[in-house]
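Participant: If you want the building blocks of each chain, they are given just below.
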Amino acid sequence: MKHIICSGCSFTRAGRLNINVTSDNFLKEDDQTGDSNEFNYYPHWIQTLHPETNVINLGSVTNDNKTIARSIIYKIEKLKKQEIPLNDISVIVQWSSFYRNSFFVSPSKQKENQKLKLPQDRGRWSDENSHINDFVEEKTNLGEHGYYFLTGGFGMGHVKNPIKDFAELYLGHLHSYEERLLSFLETIVMLQMYLKSNGIKYKMFNIANNFSDTYVLNCINGGGFPDFKPTGGKRNQMYEIIKNKYIPNTWNDKMEYFSNPYLKYYYDMIDWDGFWFYEEENNHKYGGVTEWAIKNFNINDPNRDVNFRNALFMEQIIRDNKEYTEDNLIDIYEDWRCPLGHVSARMYKLFTQNVISKWNLF
Amino acid sequence: MKHLITSGCSFTSLTKPNIDFPVEIEIPLQHKRRDMWTWVDWIRHYNEQSYSVYNYGCPTNDNDTIVESTLYGINKLLKRGIPSNDIEVIIQWTCATRNSFFIPNGFIDKNKIVNAHTNDFVDEKRFKFEKGFKYLTGGYNKTEQPAELNDITMNYLALQFSHHERIINWLKNIILISSYCKSKGIKYKFFQLNNNISSYYYNRFKGLSPKQNKMNTEPHLPIKEDLLKTKDIEYTWDDTMFIDNPYINYLVEQIDFNSDFWFYEINNHHKFGGSLEWTINEWNDNIEDDSGFELSNIVYYELENKTEEEIKEFFRTKSYGHPSSLMWRKFYFEILKPNFL
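Chains as they are written, first to last, in the numbering used here: chain A, -3 to 358; chain B, 2 to 342.
These are calculated hints, taken from the structure and not from any lab test. Predicted model, so just to flag it, every value in this text is computed and none were measured. Glycine included, C-beta positions come from ideal geometry on N, C-alpha and C. It is possible that some hints are incorrect.
[To be verified] Below, simulated DSBU-like cross-link-like pairs (lysine-lysine); rule was C-alpha separation at most 35 Å, straight line:
# : chain 1 : residue 1 : chain 2 : residue 2
1 : A       : Lys199    : B       : Lys272
2 : B       : Lys3      : B       : Lys319
3 : B       : Lys319    : A       : Lys260
4 : B       : Lys338    : B       : Lys319
5 : B       : Lys185    : A       : Lys76
[Said to hold, decoys possible] Covered by chain A, according to a simulated footprint, are these stretches of chain B (three or more residues, beta-carbon under 8 Å):
#  : region
6  : 19 to 28
7  : 83 to 91
8  : 163 to 175
9  : 180 to 194
10 : 273 to 284
[To be verified] Facing chain B, from chain A, some residues (calculated, C-beta under 8 Å):
#  : residue
11 : Ile69
12 : Asn137
13 : His141
14 : Glu164
Using the sequences and the accompanying hints, generate a full structural model.
Facilitator: The structure is reproduced here in C-alpha cells:
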C-alpha cells in the first residue's frame, strides 16, 4: 500500500495536529465538524479518489514552513520504525507563506515560566491553543515535551501565551523578507535532501506565490499579499477575482532579492523539478494553489460536484437560501478584508483530480 | 588537487572571513602570525601540493552560520566547475547553545554597527555589510553593538532560549550539511569544539534568567587552578546522548555519529569529547616542537608570554581558552591526518 504523507497549514487541514485532530483519522474527524463536508481539503480528495492509498494528513493550522518540514521528517522516521518500505511512501508538501516563523518552547522554559504551559483544552474550535503545534504523538499532556509557537501572519492579539511577547519583539526588530526567505530556502533544501537521501518521491506546492518579487516585497505589508486588482482599478478585489480571474502579473519579475549572495546559494541548491507551480504564459510565474483556484473557478461549471458550495473560497458562505452566483459572492465581500480565503472543497476536488493525481506519486 | 572547505568558530579562525581576509585568495601562510595558526593552517602548511583550502571559520560563529558559510563555499566551487568528488568538507561544530540572526542592510544604522559578533562571509560586496550580515550571539555577552541588537540577544535569552531548542537547531544543521554532502558525493567529517552531546551537560543545567551566569551557555570544563595537573574532565562514559525528548530523538536517529564524527574518548571516563577536552588531556610540558617555528609549549593561545601566576589566574577564572598553535599542530598529526584527510 502506498502511504501519502500530506503536510501544510490551514490549506491542508482545519485542525491542530495531535492536539485536536490526528493524522490518520481525518475523514471521520472532519465530518464531525458540524459543517458537513466543507472541510474536504486535498488530502480528503486524494483518499477518496485514490482509495488504494493510505493518506496521512499532518496539516495543522497556522503552521510555518519549518514546522511543516519537521513534522514530515518526524512521521517518516516513525514509519521507518514500523518497517514501511521507503518506496511505499510519497510526500506532498503544501508550503505556507514564507514570512511565517515559529519558536520552540521547551519543557525547561515552561518550568521557568509556568504561564508558558499549554491549556489542556483539546476542543476542535477552541481558541486556547491557537498558534500552537505539538506534533509528537508520545504525550499524555499537551506540551509536555515542548511545542512550537507559530507566528502565523503575526495577528496575535487574541493569543494568551506569553511567548507572543518574544514573537512581537522579533517582528519589530528582526523580521525581514531576507531572513524569512533564508529560512524558507534552507527548509526546502533540508527537506529535499532528506527525502532524496531516503529515496522518497515528493512534490511541493505553495499556498500562494512565495517567490515572485511582486509578492515577496509585499510581505512587509499587513496582509502579506499584493493587491488582486489592476493598478488604479475602480472595482474591489473580489470583483476582479471573481469576474476577471485577476491575479497579479509576475511574468517579468526579476526576483531581485535572490541576487543577495546570502540567499542565492540556497536558491541554487533547490531542485525546482520537485515543485509544482501555477503558470500562465505572459501573466504569472511561481503561482500556488490560490492562483490556480482563482483561474480555474467557474461558477457555471456544469460538471461541478453539486454536493459542495459553489464557492471559490471556503469562507464564502451565502446565507438566507440565496443562490451562489458571482454577484452574490462579490456582494458578501467586505472591502477591508483580505480578498483571499482557503480554497473551497469544490475547488480542492478539481485540484486533486486535475493536478495532484497527475503527479508521479501514486 | 583537492578543494577543502573548512568552517567553525574561533577554534578554526581567529579572524573573520571576507572581512579580515579573503577566503578565495590564499594569502601565504608566512604572513600570518604563527601563534595564531589553527588546525586549518597546519593542514594548509603540510598539504600545499594536494589541497586548496577555503577557511570560513569565524570567531563567535554559531552552528547555523557555520553550515550556511560551508554551503556557500561549496556552491561557489561547484559554480567554478570543480567536480564535487574533488571537494572535501571539515566542520568544527561550536557550542550548540549559540544562535545567530540575519540582519539585512539598512535594518540598523550602519554607522553604529561594529565588527564584534558579526559574520559577513559573502565576497560579493563593495563594502562591509552591504548585503547584510549574521549577528552572532556567541556566549550571550553584551557587546558594543547598537542597543537594538543587544536587546534582541538578551530578550531571546530570557524569553526563548532553551537547551532543547538549541539542540534541535544543531541537529537540523548536522542533517542538512551531511545529507547535502552525501547527495553530491562530497567527503565530509566533523569534530566539536567541546562535548555538546553527553546528557551530563544538559541535565546539570537548572534554568536560566537574564541575570544568571553566562557560563551556562558556553563550554564547561571545570574552572580549577590545577586543571592541567589533575586533568579532571567530567565523567561522561555512561551518559546518554542529549535530552530524552521526542522532538529531539527523531533527529538524533538520523545522524551517523559513528562515521561522520571524530570524538575524543578517554576509556571508561569520557565519551563524545571535542578538541577542547583533547587539548586539556593531551597537553604536557614535554611536547616536542620540530616545526622549526619555535612555537611556545602552552596549552592555550591566550597563555602566550604569561607568568606562572597569570596562568593560574586564567584557570581560576576561565572555563576554556583556544588551543595553542603547537597543540593544533599536534592535533593535525594525531587526529586530522589519520582520520580526516
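Participant: Each hint should be assessed against the structure and marked as holding or not.
Facilitator: Consistency of the hints with the structure:
no.	hint	verdict
1	A:Lys199 x B:Lys272	violated, 41 Å
2	B:Lys3 x B:Lys319	violated, 39 Å
3	B:Lys319 x A:Lys260	violated, 40 Å
4	B:Lys338 x B:Lys319	holds, 30 Å
5	B:Lys185 x A:Lys76	holds, 24 Å
6	19 to 28	violated (count 0)
7	83 to 91	violated (count 0)
8	163 to 175	holds (count 6)
9	180 to 194	holds (count 4)
10	273 to 284	violated (count 0)
11	Ile69	holds, 7 Å
12	Asn137	violated, 13 Å
13	His141	holds, 5 Å
14	Glu164	violated, 10 Å
Of the numbered hints stated above, those contradicted by the structure are hints 1, 2, 3, 6, 7, 10, 12 and 14, listed in ascending order.
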